[in-house]
Structures are given as structure tokens and as C-alpha cells.
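Residue numbers (this note's numbering): 1207 to 1543.
Hint data in this document are derived by calculation from the structure and do not stem from the laboratory.
Hints are supplied without guarantee of correctness; some may be wrong.
[Claimed, not checked] DSS-like, lysine-lysine: derived pairs with alpha carbons at most 25 Å apart: (1) 1508 <-> 1520; (2) 1508 <-> 1519; (3) 1260 <-> 1349.
[Stated by the list, open to error] Label-pair ranges, simulated between beta-carbon atoms: (4) 1460 <-> 1257: 34 to 42 Å; (5) 1326 <-> 1471: 19 to 27 Å; (6) 1345 <-> 1446: 28 to 36 Å; (7) 1529 <-> 1456: 38 to 46 Å; (8) 1474 <-> 1281: 44 to 52 Å; (9) 1232 <-> 1326: 49 to 57 Å; (10) 1229 <-> 1421: 25 to 33 Å; (11) 1422 <-> 1527: 39 to 47 Å; (12) 1263 <-> 1231: 27 to 35 Å; (13) 1347 <-> 1461: 31 to 39 Å; (14) 1345 <-> 1318: 21 to 29 Å.
Keep in mind the model is a prediction, meaning the values are calculated, not measured.
We treat Cβ as the ideally placed atom computed from N, Cα and C, and that holds for glycine.
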Amino acid sequence: MNKRDVVIIGGGPAGRVIVHALHAAGADMSITLIKDEAVNVNRCAVPYGIPEGKPLEKYDIPNKLVTNFGAELIIDTVDKLDPEQNLIQTREGREFEYSNLVLATGSRALIPPIPGIEGNRITGVRSRDDLALLRQWAKTSKKALIVGGGYIGIEVAVVLRRMGLEVTVVEMLPHILSATTEPEFIKVVENDLREHGLNLVTGSAVEEFLLNNDGVFTGVRLQNGEIIDADFAAVAIGVIPNSELAAQAGLATNRMGIVVDDFLRTAYPNIYASGDCAVKKSFITGEPTRGEFGTNAVFMSKVVAANILGEEKKFPGVINANCSTSFTCAFGSAGLT
């Protein structure tokens, strides 16, 4: 049986920052980080890696950002958690006993159950594989379709339009960026996008991804009956927290993720959750909220590390500050809207 002072499940920013914070504090602890991706891509950089120029590897997060800071790194998947015995078990048969466990399992792309979405030349905008496909398709295509008018969808659309493609963004809500921005403000961005040749279709959702006889994507049919042709599609409509491991172990979860207290602990005081997989608290209202941003993961993990070291530090909550650019506009938001 392998015994560790700290076991971290997840290799994204939430997991890495705990390693860094414990190392910076000079903690004399045995630390193991387990992640199921051999290569983690910088997810925020995926849209900007679509044009050829830099090798795909330039968008990877080096594993040395874990191993150079005193932690053991294992590429494997944790399949079982026993919080009563302080044990985890991996798919490859490894077993670890932990003193402190951090669930930093992140999130995955939300893939809606729309007919045809399994077709070829349809991808998300999240992984190294997604980036490779988008780069390949953008080189050989004339028309692109983006499903989702949030930050990631708009960033991909702007990049592809700058590359000379005809780009359509489909957003089911009346305006793009509706989850974070007031309509009066976002109209400025919408005008900028349209003035630079982007086709924005708002207020209608995709009803079906259209495929040819070979299963290759050719376009979409909207709920209003409109058909839009395209050579490939990128789906960017949000994420789902990876909370299944916690739920299977009997920890409290909901649609926003793993439930934690003000110290980012679960019902078990030696099990923490941080980053996309955890339910956040709004700094403004004090109510549970979402906020799948790397900056939130960093702040949360610094609090987790402090509490592992015995500081009893509360997490104040998130304001979900974020920003991006279109063609001639820089825009951002923070707080409730």
C-alpha cells in the first residue's frame, strides 16, 4: 500500500497550483498527483492555436510543472474512492492511502444530445485533439459553423474569420455572451463582429446536425427551419463538472459540482475539492454559483493548500472576472452580470 500525505486527482490548474503552493511553503510532505491525460493543453489558448505557426506542442502544459516542484506524477485514472478508509484505487491497479485528498477533476465539454452530433467534422473546443482537428479543417475549408456564443465560441469564430473563412455563430439566446453581459453592452461587440463579416444567428437553437451518406457533417437545421451549410462545426456551449467519482463515493454533489464548505472541504474534513469540479460561492451574494475559469481554480487551490497546512483559511468566493477581444473591441465582465 502506497501512503501519501497529499493525493491530488487532476492535472489542470487546480491540481498544479496546490503542488506549487505546498512547495512554496516548504511543506515536508509526500505528494502524488494523478491525472488521466498524458498531455494537458492550455485550454484558454486552444482558439488561438488554430492558425498554423507554432507547433501544437507549444500549447501543452509541461509535466515538469508538477515534477519540478517535488510531486510524484502518475498518468492513470482513479476509479474508486473510499472516504471511510482514506483509500483510492486506479484503473491500472494502483492503491493509495492518503492523509489529505484533493479532488481537482475539472470539467468536460457539454455535448448536447442533438441528432447527428456524432458525425465526422464536428468537435469541441477543449482538448489537444480538438485543437489538432480545428487546425486541420481550417486549412482546407471555406465555411465554419460555431455552436455557442459564449467566450470560447466567439474567440474561435474571430480566429477563423481572420483566417478568411466564412463563419456563422449560432446562439439560442437573444444575444451572444448573455450569461455574463448585459444586452446594451454586448450589442457593441455584436456590431463589431458583423461589421467584420461574421454571421450571428441568435434566438434559435440547432435542431439537427446534417450528415451525408458517409456520416460527414454538411450543415445544421435550426429550430426555426433554417438550414446553414458549413464544412465543419465547433461546439462550445459550456462544460459539465467531473463530479462522478465524488458522487460514487457518497460525497454530496449537484449540477454545479462537488459541494464544499467555506474551507473548500467536503463532508470529510480531509477531502477537498477545487476548480471546475467544485461548487463555488459568489463573493457578492454568498450563494452557490458556477464559474469555470482558471483564475477561480488558482485562488481556490491556494486556499486548499493553506488549509492542508493547518491555516483554517476561508475561501471568500468568486466574482468570475473575465475578458476577451473581438476585432476592434476588448470586452469583459465581473460580478453578477
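Results for each hint:
1. About 11 Å separates the Cα atoms of residue 1508 and residue 1520, which keeps this hinted pair within 25 Å; it holds.
2. For the suggested pair residue 1508 and residue 1519, the alpha carbons sit about 10 Å apart, so the restraint of at most 25 Å is met.
3. Between residue 1260 and residue 1349 the alpha-carbon distance is near 23 Å, which keeps this suggested pair within the 25 Å criterion.
4. Under the hint 34 to 42 Å, the C-beta atoms of residue 1460 and residue 1257, about 39 Å apart, fit the expected range.
5. At about 44 Å, the beta-carbon gap between residue 1326 and residue 1471 misses the expected band of 19 to 27 Å.
6. At about 31 Å, the beta-carbon gap between residue 1345 and residue 1446 stays in the expected band of 28 to 36 Å.
7. About 39 Å separates the C-beta atoms of residue 1529 and residue 1456, a value consistent with the hinted range of 38 to 46 Å.
8. Between residue 1474 and residue 1281 the beta carbons are some 26 Å apart, a value that contradicts the proposed interval 44 to 52 Å.
9. Remark: the range hint 49 to 57 Å for residue 1232 to residue 1326 is upheld by a beta-carbon distance near 52 Å.
10. For residue 1229 and residue 1421, the hinted distance range of 25 to 33 Å is not satisfied, since their beta carbons lie about 48 Å from each other.
11. Between residue 1422 and residue 1527, the C-beta spacing of about 40 Å keeps the proposed range 39 to 47 Å intact.
12. Take residue 1263 and residue 1231: their Cβ atoms lie about 31 Å apart, and the range 27 to 35 Å holds.
13. In this structure, residue 1347 and residue 1461 meet the distance hint of 31 to 39 Å, their C-beta atoms being roughly 35 Å apart.
14. For the pair residue 1345 and residue 1318, the supplied restraint of 21 to 29 Å holds, since their beta-carbon distance comes to about 27 Å.
Checked against the numbered hints above, the structure breaks hints 5, 8 and 10 and satisfies the rest.
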